[in-house]
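Enquirer: Each chain is listed here by its residues.
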Amino acid sequence: MGNKVFDRCAGGAFLVVGLLFARGSFKISESAYGSQVGPSTFPLGLGIILTFLSIGLLYQTFTYGAQAKAKQQKDYKKLSLILLALCLYIALFETLGYVISTFLFLLAAFQIMDRSKLLLSVVISAFFSAGVYYFYVVTLQGSLPAFPQW
Amino acid sequence: MDTLHFLANGFLVALQPYNLAFAFIGVVIGTAVGILPGIGPSSGVALLIPITAVLTGGLDPEAAATSGIILLAGVFYGAMYGGSTTSILINTPGESSSVITALDGYQMAKQGRGGVALSIAAIGSFLAGIFALVMLLLLAQPLSELAIQFGPAEYFSLVVLGLAAVTGLAGKSMIKALIMMTAGLAASTIGVDALTGVGRFTFEIPSLYQGLEFITIAVGFFALGEVFRTILDNNGNETIAKIGRLLPTKKDFRDSVPAIARGSILGFFVGILPGAGPTLSSFMSYTLEKKSSKTPERFGKGAIEGVAGPESANNAASGGAMIPLLVLGIPSSATTAVLMGAFIMYNVQPGPLLFEKYPTVVWGVIASMFVGNLMLLILNMPLIKVFAKLVETPPQYLLPIILAICVFGVYAVQVNVFNLVLMLVCGILGYLLVQNDFPVAPLILGRVLGPMLENNLRRALTLSDGDYIIFLSHPISAFLLATALLWIVVPVLLKKRGRKVIVNEAE
Chain A
1 MGNKVFDRCA
11 GGAFLVVGLL
21 FARGSFKISE
31 SAYGSQVGPS
41 TFPLGLGIIL
51 TFLSIGLLYQ
61 TFTYGAQAKA
71 KQQKDYKKLS
81 LILLALCLYI
91 ALFETLGYVI
101 STFLFLLAAF
111 QIMDRSKLLL
121 SVVISAFFSA
131 GVYYFYVVTL
141 QGSLPAFPQW
Chain B
1 MDTLHFLANG
11 FLVALQPYNL
21 AFAFIGVVIG
31 TAVGILPGIG
41 PSSGVALLIP
51 ITAVLTGGLD
61 PEAAATSGII
71 LLAGVFYGAM
81 YGGSTTSILI
91 NTPGESSSVI
101 TALDGYQMAK
111 QGRGGVALSI
121 AAIGSFLAGI
131 FALVMLLLLA
141 QPLSELAIQF
151 GPAEYFSLVV
161 LGLAAVTGLA
171 GKSMIKALIM
181 MTAGLAASTI
191 GVDALTGVGR
201 FTFEIPSLYQ
211 GLEFITIAVG
221 FFALGEVFRT
231 ILDNNGNETI
241 AKIGRLLPTK
251 KDFRDSVPAI
261 ARGSILGFFV
271 GILPGAGPTL
281 SSFMSYTLEK
291 KSSKTPERFG
301 KGAIEGVAGP
311 ESANNAASGG
321 AMIPLLVLGI
331 PSSATTAVLM
341 GAFIMYNVQP
351 GPLLFEKYPT
361 VVWGVIASMF
371 VGNLMLLILN
381 MPLIKVFAKL
391 VETPPQYLLP
401 IILAICVFGV
411 YAVQVNVFNL
421 VLMLVCGILG
431 YLLVQNDFPV
441 APLILGRVLG
451 PMLENNLRRA
461 LTLSDGDYII
471 FLSHPISAFL
481 LATALLWIVV
491 PVLLKKRGRK
501 VIVNEAE
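Quick mapping for you: the protein sequence lines, in order, are chains A and B. At position 111 of the first sequence the residue is numbered 111 (the numbering used here), and the sequence of numbers has no breaks. At position 466 of the second sequence the residue is numbered 466 (the numbering used here), and the sequence of numbers has no breaks.
To be clear, the hints were calculated from the coordinates, so they are not data collected in a lab. Check the hints yourself; a few may be wrong.
BS3-like mimics (lysine-lysine), calculated; alpha carbons at most 25 Å apart, straight line [stated by the list, open to error]:
no.: 1; chain 1: B; residue 1: Lys389; chain 2: A; residue 2: Lys117
no.: 2; chain 1: B; residue 1: Lys172; chain 2: A; residue 2: Lys4
no.: 3; chain 1: B; residue 1: Lys389; chain 2: A; residue 2: Lys4
Turn these sequences into a full structure, and let the hints guide you.
Expert: Structure (structure tokens):
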């Protein structure tokens with residue numbers, strides 16, 4: 001059996017999505033183009049199916065038995081820090097440019113994973129960020145945010 | 001012989017120097033993906049789609065598609081070879097289809113026969129891969145000629161069957177799998193409708209006009225989700241067993257050849273079945289070997305058949321899985337769903353018309369799989385010790401770099417931050433959902449097959465003037481729908497009766 005709390009939240013969330021989807025599909029403008037099956041039929045059907053499935057899941061959560069709590073030691077702190085670093089990375093990606101933001105993200109993430117070998121972390125981060133940028137932008141002429149213009 | 005002629009042309013394409021290079025890169029990365037923890041075949045392929053798009057950017061569209069897919073297919077079957085390495089040497093499967101190999105493989109390694117186990121796994125994988133390809137050659141043309149007669153109603157029902165099959169086998173809870181599939185289908189409707197040009201669920205946000213890009217979702221759900229999981233379950237250092245001598249003895253060969261043959265045949269047919277795929281086939285092969293053995297008590301204590309059978313089966317299955325993908329356009333597993341996303345990205349629609357419209361692409365890819373399997377055999381025998389070293393890559397560096405590659409890949413293809421945010425959201429959702437037994441594969445499959453399902457639904461209903469009976473009045477369509485229903489209902493009934501149902505977990 002699954003996690004009761006999570007499954008209820010997820011069931012509720014999917015229920016809301018299903019209802020909104022069904023409601024939203026009524027707003028899709030029907031085209032004048034011939035057939036009765038316009039662009040709204042399929043999403044409407046999906047919204048309805050999703051709604052019913054979520055109700056089914058919510059109903060099922062009431063049949064879950066008491067839960068044996070087997071809490072494992074999990075490194076949530078590390079994951080939250082990595083997530084924070086990743087959010088910052090994405091937020092600053094275009095402002096700082098690829099090389100600088102990637103370098104900072106990797107350096108931070110390496111150190112979050114394991115606070116040792118600072119020098120090696122710096123070297124790998126620098127090598128990766130500069131290497132990818134050089135290979136992709138200079139050699140393959142792709143486009144990545146360049147350096148900020150200060 | 002039409003097929004031979006096409007195949008010969010395929011080899012001309014596959015043997016082009018740059019395509020050889022692409023196949024080589026693909027199988028090497030695939031082997032690495034199979035070995036490295038924190039990244040499996042589906043996330044590996046998802047991650048590499050953007051990168052191949054970058055690499056093939058300068059070629060003309062058809063050549064780009066051929067080379068790109070040669071590389072990605074290489075990753076797919078390369079991972080089947082690589083996965084066995086960690087199972088055998090450190091008792092930690094690199095991906096789910098090699099879980100069963102660890103049972104006897106690791107025991108062999110502890111007895112100092114690790115090298116023999118690795119060689120047999122490689123040889124078995126090679127023979128099975130070639131067998132699957134030959135079958136693919138024999139079956140592809142006739143099957144696509146059959147499928148070409150399908151109308152929209154039949155196609156709609158076929159897609160429903162594909163979805164039902166993957167969903168039915170996808171996890172512990174059927175209703176969760178169905179929810180995920182429906183959510184995936186729903187996600188596919190977001191964006192501008194291709195038939196009428198009407199915006200759906202776009203809320204006037206320009207980033208949504210293109211819809212939720214498949215690559216972004218796949219990278220988020222598979223690659224990011226998997227990295228997050230690995231960070232949490234940080235399981236210390238493993239010690240690597242000694243590899244020892246590589247060459248199997250005559251007795252080893254005598255023991256494993258029948259297992260390889262059985263594994264190849266079983267794996268191939270399981271692979272064709274929608275929903276089954278490499279993981280399930282390796283489990284079934286192990287059971288078959290144990291049952292057909294005169295000395296079943298040796299299993300779990302280092303029986304070479306327990307390595308040879310499943311490893312052949314998972315490779316044959318990955319070849320077999322190419323048939324529904326190429327011929328029908330219906331992927332049968334998470335990884336082939338991602339591969340299908342790659343075909344579509346290159347504007348090549350898999351399905352019965354594939355062989356007619358893009359012979360260069362499809363035969364080039366098939367021929368390259370012969371070449372790639374040969375490369376893998378050669379790579380895996382002498383270089384196995386080098387690859388095994390990959391296991392020691394410190395996660396401290398590996399995981400952040402995978403994250404950085406995700407960001408780079410998605411940005412390189414989409415060139416906007418919106419997709420990066422979407423990827424991050426998918427990654428977090430993917431982690432949470434998988435943790436609570438919501439399988440990701442049906443969602444990805446729904447996103448890939450959604451447009452096809454909807455187009456055929458609308459075309460069929462236009463033909464019938466809006467009458468839904470068309471799906472039941474056409475016999476083939478009715479048959480497919482009935483099969484789809486069975487695929488969902490039978491596992492539920494079996495579970496109710498307290499029978500254990502094998503499901504494809506993980507991936």
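Enquirer: Please flag the earlier hints that this structure goes against, numbers listed from lowest up.
Expert: Violated hint (a single one): 3; every other hint is consistent with the structure.
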